[in-house]
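Colleague: Next come the chains, spelled out residue by residue.
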Amino acid sequence: MKLLSQFRESFRLKAFISFTLFLLIIFSSFTIFFYYQQSKALTNTLFKNSELLIGVLAYSVRLGVLTENKDLLKENAEGIFQQKNILEVAIFNREKNLFREIKKEAVPLKSASLELQVPREVQESVEKGQALFFRENKDYFELWCPVVTGGLYASEEDLFLDQNLFKKKREISGFAKITVDKSELKQALYLLLLKSILIGVFFWGGGSLLIFLVTQKITTPLKRLTEGVAAFGSGEEVEAVPVETEDEIGKLAHSFNNMLESLRQREKEKQFLELQLRHAQKMEAIGTLSGGIAHDFNNLLTAIIGFGSLIKMQAKKMEGEGKNPFIEYVDQILASAQRAVTLTQNLLAFSRKQLTSIKRLNLNEVLSDFKSILVRLIREDIEFDLQLTDKELILMADSGQIDQIFMNLVTNARDAMPHGGKLTITTELAQLPRTILVTTPSHYERNYACITVTDTGIGMDEQTKERIFEPFFTTKEVGKGTGLGLSTVYGIVHQYEGYIEVESELGKGTTFKIYLPLIEGRAEEEEKKEIAPLPAFSGKGTILVAEDEDAVRAVVKKVLEEAGYKVIEASNGEEAIEQFAQNENEIDFLLLDVIMPKKNGKEVYQEIRKRKPDIKVLFVTGYAAEVITQQAIIQEGLAVIPKPVLPTELLMKIKDILTS
Amino acid sequence: MDLIKKTVTSVLILICWCGWAEAGPKILVVQSLNVAPYEEALAGFQTVCPGDITKVILSNPGAPEVSSFIRSPRPELILTIGMDALMKAKSIKNIPIIYAMVLNPQTVSLGEEERNISGISMNLSAENQVQTIREVLPKVKKIGVLYNPERSRNFVVEVIAAANRQGINLVCEKVESPKEVPALLKGMQNQIDAFWLVPDITVCSAETVEYLLLFFLENQKPVISFSEKYVEFGALMAISIDPFDIGKQAGELAIKMLTNPGGEPQRVEARKPVIVINKKVAKKLGLIIDARVLARAKVIE
Numbered sequence: 001m002k003l004l005s006q007f008r009e010s011f012r013l014k015a016f017i018s019f020t021l022f023l024l025i026i027f028s029s030f031t032i033f034f035y036y037q038q039s040k041a042l043t044n045t046l047f048k049n050s051e052l053l054i055g056v057l058a059y060s061v062r063l064g065v066l067t068e069n070k071d072l073l074k075e076n077a078e079g080i081f082q083q084k085n086i087l088e089v090a091i092f093n094r095e096k097n098l099f100r101e102i103k104k105e106a107v108p109l110k111s112a113s114l115e116l117q118v119p120r121e122v123q124e125s126v127e128k129g130q131a132l133f134f135r136e137n138k139d140y141f142e143l144w145c146p147v148v149t150g151g152l153y154a155s156e157e158d159l160f161l162d163q164n165l166f167k168k169k170r171e172i173s174g175f176a177k178i179t180v181d182k183s184e185l186k187q188a189l190y191l192l193l194l195k196s197i198l199i200g201v202f203f204w205g206g207g208s209l210l211i212f213l214v215t216q217k218i219t220t221p222l223k224r225l226t227e228g229v230a231a232f233g234s235g236e237e238v239e240a241v242p243v244e245t246e247d248e249i250g251k252l253a254h255s256f257n258n259m260l261e262s263l264r265q266r267e268k269e270k271q272f273l274e275l276q277l278r279h280a281q282k283m284e285a286i287g288t289l290s291g292g293i294a295h296d297f298n299n300l301l302t303a304i305i306g307f308g309s310l311i312k313m314q315a316k317k318m319e320g321e322g323k324n325p326f327i328e329y330v331d332q333i334l335a336s337a338q339r340a341v342t343l344t345q346n347l348l349a350f351s352r353k354q355l356t357s358i359k360r361l362n363l364n365e366v367l368s369d370f371k372s373i374l375v376r377l378i379r380e381d382i383e384f385d386l387q388l389t390d391k392e393l394i395l396m397a398d399s400g401q402i403d404q405i406f407m408n409l410v411t412n413a414r415d416a417m418p419h420g421g422k423l424t425i426t427t428e429l430a431q432l433p434r435t436i437l438v439t440t441p442s443h444y445e446r447n448y449a450c451i452t453v454t455d456t457g458i459g460m461d462e463q464t465k466e467r468i469f470e471p472f473f474t475t476k477e478v479g480k481g482t483g484l485g486l487s488t489v490y491g492i493v494h495q496y497e498g499y500i501e502v503e504s505e506l507g508k509g510t511t512f513k514i515y516l517p518l519i520e521g522r523a524e525e526e527e528k529k530e531i532a533p534l535p536a537f538s539g540k541g542t543i544l545v546a547e548d549e550d551a552v553r554a555v556v557k558k559v560l561e562e563a564g565y566k567v568i569e570a571s572n573g574e575e576a577i578e579q580f581a582q583n584e585n586e587i588d589f590l591l592l593d594v595i596m597p598k599k600n601g602k603e604v605y606q607e608i609r610k611r612k613p614d615i616k617v618l619f620v621t622g623y624a625a626e627v628i629t630q631q632a633i634i635q636e637g638l639a640v641i642p643k644p645v646l647p648t649e650l651l652m653k654i655k656d657i658l659t660s
Numbered sequence: 661m662d663l664i665k666k667t668v669t670s671v672l673i674l675i676c677w678c679g680w681a682e683a684g685p686k687i688l689v690v691q692s693l694n695v696a697p698y699e700e701a702l703a704g705f706q707t708v709c710p711g712d713i714t715k716v717i718l719s720n721p722g723a724p725e726v727s728s729f730i731r732s733p734r735p736e737l738i739l740t741i742g743m744d745a746l747m748k749a750k751s752i753k754n755i756p757i758i759y760a761m762v763l764n765p766q767t768v769s770l771g772e773e774e775r776n777i778s779g780i781s782m783n784l785s786a787e788n789q790v791q792t793i794r795e796v797l798p799k800v801k802k803i804g805v806l807y808n809p810e811r812s813r814n815f816v817v818e819v820i821a822a823a824n825r826q827g828i829n830l831v832c833e834k835v836e837s838p839k840e841v842p843a844l845l846k847g848m849q850n851q852i853d854a855f856w857l858v859p860d861i862t863v864c865s866a867e868t869v870e871y872l873l874l875f876f877l878e879n880q881k882p883v884i885s886f887s888e889k890y891v892e893f894g895a896l897m898a899i900s901i902d903p904f905d906i907g908k909q910a911g912e913l914a915i916k917m918l919t920n921p922g923g924e925p926q927r928v929e930a931r932k933p934v935i936v937i938n939k940k941v942a943k944k945l946g947l948i949i950d951a952r953v954l955a956r957a958k959v960i961e
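Line by line, the protein sequences are chains G and X.
For what it's worth, the working numbering labels the leading residue of the first sequence as 1, then goes sequentially.
For what it's worth, the working numbering labels the leading residue of the second sequence as 661, then goes sequentially.
Simulated from the structure, these hints should not be mistaken for laboratory data.
It should be emphasised that the depicted structure is a prediction, and the values quoted were computed from it without experimental measurement.
Some clues are possibly wrong.
[To be verified] 20 angstroms max Cα-Cα, derived EDC-like pairs, lysine to aspartate or glutamate: (1) X:Lys846 with G:Asp71; (2) G:Lys74 with X:Glu840; (3) X:Lys846 with G:Glu68; (4) X:Lys839 with G:Glu171.
Put together the whole structure using the sequences plus the hints.
Modeller: Here it is, written out as structure tokens:
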């Protein structure tokens, strides 16, 4: 069963056994054929020799038979008797009686020893004209031949004429017989059989060995391949299979190696993608975390800045009564809060939850406009080179965020070149190189604006390069960097379905390549905002403030009331609607948080608008989780103010809306 | 006197012959067999006696009777070649008959009634033969002979006489059956210097001759035979006939008979012996043959 199983599974065994069986058949047939031919030849030779001997005997004893002279027979008969295999020589006279016999006593001759007369069958055969008579048994065979003499001439004259035709009819003067032993023939045949079998076995063995070697030669590479495939399948480390020949097997091994290499490459790519995915997931998690923190920070900062501003306002009012020492402290609080606002904005930008104003814009124009600011950012020992492509690079983006990308990258480049160097920014129309892995293959077909920012600074090692996009990761001295610059850039680029690539070498510099997807069409005109002078806070009217964060609601209420507005509060959407219903005639303005429990700001506004279509509204938004709602609000031309809400900004915005 | 007689006879023959020369005599040739020696004899005959020849070969199946040829037109001469032919023609009395190639014609009883029959036998003169043997084998003094008295008595008697005259002793043994040959040969081998194989069918069977030739070769005794065939098989020499010359001899006799039809019948022996010598056998036996003999002999190398 085991052998059968091995036979089924092993091509080598199958090939070997099949060919060996084939060879066995061939060599057996050959051996049989060889034995048959040789035995026939041996037998024929013995018969022919015996025929020759009996012929010679019959001829040589003519005179002896004719003259019935035993002495004359003796020499010839004994001469024949001496020959190999001859058991008996017998001569019969004209009367067919045994005349002389020589035989080997040791050999029992059954019938022949008893024959004192020429058997009838021999006589009949000779009478029919047969030259020889043959009979045999298993141990020996007999040959009979008539002794033919020439007879006498007819007359003496004939002796002179020298013509055979004068001879009398040839006459049978007697018979010669030999008995030939077959035992030697049998022995020779047995030896021949043995020899034939040995030759057959030798060639069969040789052939089988050859086949074994050939099948081994063929199957060893196949076995290696199979083992390689099996090992590869089970995830083991597999070495390339040696390619020893150029034939089909060699090609197969070569293909296997190619496949192995290709699979290894794919495995590497897979690992790289997994790495990237983990990195992206990490960044996403960090982004989510940052966004959440920023949201809560915004609310806290709204309260801090609001109440701080109120303290400052009150303190200023009291200035007449003497310098209030707390103003300085409040300023410190407000300044810190402002830095906290910037931090929060950066975090939101990284987490792609920053409130944006996305428009079609020309990248080259944005860069040209921003160049003067960038130049101011770098030092004089740094050469700045801006190379813009002639082609139009139209993006769908927030110009502020694009500015932020450049500002952060340029700042980093500057810091990377403490001893001066060259900073180059180029733009060009490009497609994604295949070195950048994408989740959507069609991205390779898209056109991108490629922004390259190259410095000749200190560069980064691999370890640093891997972490540069993480928030709060910085190599700068404490207090010099927030660690949010590149994470902000990363966030913005990914927000626009773009890609970022970094090449860096320690001591030689760093190159950032940013690919931002291009769109068809032309850039939109940028609206020029005019900053109105700070009006005196003399607000009139009633404002419904709907905000779920108590601290924010309280500070907003206080700020508005300080500015002269009457404030009706609501802590969620439904409450806002109820409050409006109760004070419908009184309420002139709605200040609605975009996201609130029960009903969001937009829904509240839509509800109220049904009752009072001309109601003015300002939405307050925390972060870009509200992006969809927020974008819808913006698209409807409604005003939005981002958190943290600064008192002055809020009041000016409300005033603007009320007076528009 | 003899010379004058011969010359006159020859002139007469020539004159007569010239008379026949244009048309030629009408000759019936009766030949026993169609064999080469007979044809040679006939050719020899024709060189001497050309004529209008009608030939009958008796051995041919359906051959007509000889008598049918002698009626019309009647032949002027009958030439018989071979014993059978002579026996067939023997009964014709009124036409001259010339026989040729007949051995021992004395065995055919030719009496007064057969006066028209003349001829040349195949027998050679015993005297000449013994003489030739002496020339070839001068040292040989005792020669063995086996013969069947019933068949060869006359010849042997002649030979014994001739040998005795020339100082050779013939050791003769009588043979009645070929069976006796081996034993007799063994018996005489020490008494003889050479063996003479005479034309006797009792002695000359295929088996006995073969044995005989081998026996004497082994015993270093030369064998003298009567036919070239035996010289080829191992005899030292043969004193043989020349059929062509016998034919010529017969032709000459025919002319004589035609020119002198009433003359005495002439029955003579062949005149020309042919000596054949096997040089290899001679060498084997250590014999040196006289160069003069070799010069006139047919030598088998």
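Colleague: Each hint should be assessed against the structure and marked as holding or not.
Modeller: Hint-by-hint comparison with the structure:
The hinted pair formed by Lys846 (chain X) and Asp71 (chain G) meets the criterion: a straight-line CA distance of about 12 angstroms does not exceed 20 angstroms. Using a Cα cut-off of 20 angstroms, the hinted pair Lys74 (chain G) and Glu840 (chain X) holds, with the two alpha carbons roughly 17 angstroms apart. The straight-line distance between the Cα atoms of Lys846 (chain X) and Glu68 (chain G) is roughly 16 angstroms, inside the 20 angstroms bound, and the hint therefore holds. Between the alpha carbons of Lys839 (chain X) and Glu171 (chain G) the distance comes to roughly 15 angstroms, so the proposed pair stays at or under 20 angstroms and holds.
Comparing the model with each numbered hint stated earlier shows that all of them hold.
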